[in-house]
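Number of protein chains: 2
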Amino acid sequence: MTPRAIVSDILSKKANQGGVKEIFFVSCGGSLTAFYASKFFLESEASGIRVGYYTSNEFVHVVPASLGVHSVVLLASHRGNTPETLEAVKVSKTRGALTIVLTYIEDSPITKVGDYVVRYEWGGGAKAGYQKPAMGLRLAVELLEQIEGFKYYKEMQEGFDRISSIVERGRASITEKASKFARAYKDEKIIYTMGSGCGFGSAHQESICVLLEMQWIHSASIHSGEFFHGPFEITDENTPFILLMSRGRVRPLDERALKFLQNFAKKIMVIDANSLFIDEIDDSVAEYFNGLVLANALGVFNEKLAQERNHPLTDRRYMWKVEY
Amino acid sequence: MTPRAIVSDILSKKANQGGVKEIFFVSCGGSLTAFYASKFFLESEASGIRVGYYTSNEFVHVVPASLGVHSVVLLASHRGNTPETLEAVKVSKTRGALTIVLTYIEDSPITKVGDYVVRYEWGGGAKAGYQKPAMGLRLAVELLEQIEGFKYYKEMQEGFDRISSIVERGRASITEKASKFARAYKDEKIIYTMGSGCGFGSAHQESICVLLEMQWIHSASIHSGEFFHGPFEITDENTPFILLMSRGRVRPLDERALKFLQNFAKKIMVIDANSLFIDEIDDSVAEYFNGLVLANALGVFNEKLAQERNHPLTDRRYMWKVEY
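Chains as they are written, first to last, in the numbering used here: chain F, 69 to 392; chain S, 69 to 392.
One should not assume that every hint holds.
Because identical chains cannot be distinguished in the list, a pair is counted as satisfied if it fits within a single copy or across any two copies.
Said to hold, decoys possible - Restricting the straight-line Cα-Cα distance to at most 27 Å, the calculated cross-link-like pairs of lysine-lysine (DSS-like) are:
| # | residue 1 | residue 2 |
| --- | --- | --- |
| 1 | Lys334 | Lys257 |
| 2 | Lys248 | Lys81 |
| 3 | Lys257 | Lys327 |
| 4 | Lys389 | Lys334 |
| 5 | Lys389 | Lys327 |
| 6 | Lys161 | Lys219 |
| 7 | Lys248 | Lys335 |
| 8 | Lys161 | Lys82 |
| 9 | Lys82 | Lys389 |
| 10 | Lys389 | Lys335 |
| 11 | Lys335 | Lys158 |
| 12 | Lys334 | Lys161 |
| 13 | Lys245 | Lys335 |
| 14 | Lys335 | Lys81 |
| 15 | Lys257 | Lys89 |
Hints are computed from structural coordinates only; laboratory data are not their basis.
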């Protein structure tokens, strides 16, 4: 089923129960950050829908009082077997909520328990418009459109039509820069990532899924707006940053961070959505695509970094290897 | 005015406009983390109230569509002069929302623009039950009680009555451990903080306001539940952690993190609310006091750490010193 058909089906089922009043995004790690743009979109644009964003294990241990027949819960699991997320599906259903599960693996365990299943593209050749974050965002847009209406629905659909090509060209255009910074950063012990709006989701994902998980490089993600309220004191000429600059209303936050870094830091890698063809999307909605553009461009850097460090992105020391 | 009187006044003013439907927490840095327990409490206990949690500058640049006459916005600023938060007060009022501002400084700029002003205690001798996070939580509890009703309102009030004494004794009991770890961690280049539930708010605050801002030690905060979905790959015998363990429903998440750290890390400082007299609060609500107990205990460690490092907690290199 398409996102449009899924949401339409949910609303027809919920029509006699008072409709859908809240949307929860519940997942772990990179599957949770994949929903960051969806959460940001709904919190920004929705007039009445409640939005929740939870790591699965906290969600199942502290079940929100509001979870119930008026709730739709979106959950993602790449292999479809994340135990905490499977449990979150069960908890949601027990409370009368409907669940939409996103996964890469066909017939994975989560597809057996979720009410609606959405498969996304992943890996080499995956089209950005059908990657996990894009499928989440498509669902969020459909939910808003069909529950409350969304003024820029058409522009958003045009954005989805264009984003795969934009991301492909963006990735190609950043190769040289990515190689340069992979060489420059390969021996760094810590790398901070920064961004705002949807870009903060990408910054956080880079920290937890790539630098910490795949490269064992110390890292923290900092929101460009929060930077000046504590974290910026860590800035010096030796500390490397990756600053993700977004197009749209949050841009002044990223520009302020850039100006400060240019004054007081020396190691600054900037990835700017404005240089990555995002202007081909209408400005009414372009900002909701920052995450897809920035995360995919970062992917080029991540591959180069792994090569420079002789540390494959697939290396793990604990995950799937020890009990935890 | 007391939190009870403020909320009562707000609800009487909003009675003709359809009441209060959503509560936003909007601030910067440590003033935002001060609201973490309030956000956690409402997201957990509220059936219908919407909850938002924003860094001020993102809030004013991407004003949520839902902000309006049904909204109450809580904002804090220690000196009452944080420009982004002052702007957030103005934006909120322009949209017809009512604002409650928390500050330490009497007659500070924010007290001139906020609809309701709450002063909190701070510094040596401040009673925990009247610190910034406690005043935020008192307001959140009143909002829930007076809008929807809260089953454990009485237990919560008893908790507020007891928390100052609990924190005082907790701080005294941790002196030796704090000194030991201050000596052990004084030369570390990076320290991770970890926690869940309200404890995650304290962990995040420790990272951004103390380690990064006041000690210029690299740091990231990791949610105990998220740890196993990426970040735990950074674990080794040389990497120090501060694990904040909460009482209540999230405790299994912290216990799982502890078990892993005991297997694969060597430098582990555990601060456990269960050893800090939190059991004197009724278990129906004790978990909402974890943040106050843990953050105040951490304060003892922070003072010792600053002494060991000859780096006063008041030292800054950029804040209030350069333009940004």
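These are the hints, each one checked on the structure:
Taking the shortest alpha-carbon separations for Lys334 and Lys257, both the intra-copy value of 16 Å and the inter-copy value of 19 Å come in at or below 27 Å. Taking identical chains as interchangeable, the C-alpha atoms of Lys248 and Lys81 are never at most 27 Å apart, the minima being 53 Å within one chain and 60 Å between chains. Proximity of Lys257 and Lys327 under a CA criterion of 27 Å is satisfied in both settings, with 24 Å inside one chain copy and 26 Å between copies. With identical chains, the CA atoms of Lys389 and Lys334 are at most 27 Å apart between copies only, with a shortest distance of 20 Å across copies and 38 Å within one.
With identical chains, the CA atoms of Lys389 and Lys327 are at most 27 Å apart between copies only, with a shortest distance of 16 Å across copies and 43 Å within one. In the homo-oligomer, the alpha carbons of Lys161 and Lys219 lie at most 27 Å apart only across protomers (25 Å), although the nearest pairing inside one protomer, at 32 Å, exceeds that limit. Proximity of Lys248 and Lys335 under a CA criterion of 27 Å is satisfied intra-copy only: 12 Å inside one chain copy versus 35 Å between copies. Only within a single protomer do Lys161 and Lys82 lie at most 27 Å apart by alpha-carbon distance; the minimum there is 14 Å, versus 36 Å between protomers.
Taking the closest pair of Cα atoms, Lys82 and Lys389 never come within 27 Å of each other, the shortest separation being 43 Å inside a single copy and 57 Å across copies. Taking CA atoms no more than 27 Å apart as the test, Lys389 paired with Lys335 passes between copies only; the shortest distance there is 22 Å, against 35 Å inside one copy. In the homo-oligomer, the alpha carbons of Lys335 and Lys158 never lie at most 27 Å apart, since the shortest distance is 46 Å inside one protomer and 37 Å across protomers. In this homomeric assembly, Lys334 and Lys161 never come within 27 Å of each other (Cα to Cα): the closest approach is 51 Å inside a single copy and 41 Å across copies.
In the homo-oligomer, the alpha carbons of Lys245 and Lys335 lie at most 27 Å apart inside one protomer (13 Å), although the nearest pairing across protomers, at 38 Å, exceeds that limit. Proximity of Lys335 and Lys81 under a CA criterion of 27 Å is satisfied in neither setting, with 54 Å inside one chain copy and 53 Å between copies. Proximity of Lys257 to Lys89 under the C-alpha cut-off of 27 Å is found in neither arrangement, the shortest distances being 45 Å within a copy and 47 Å between copies.
The earlier numbered hints that this structure contradicts are 2, 9, 11, 12, 14 and 15.
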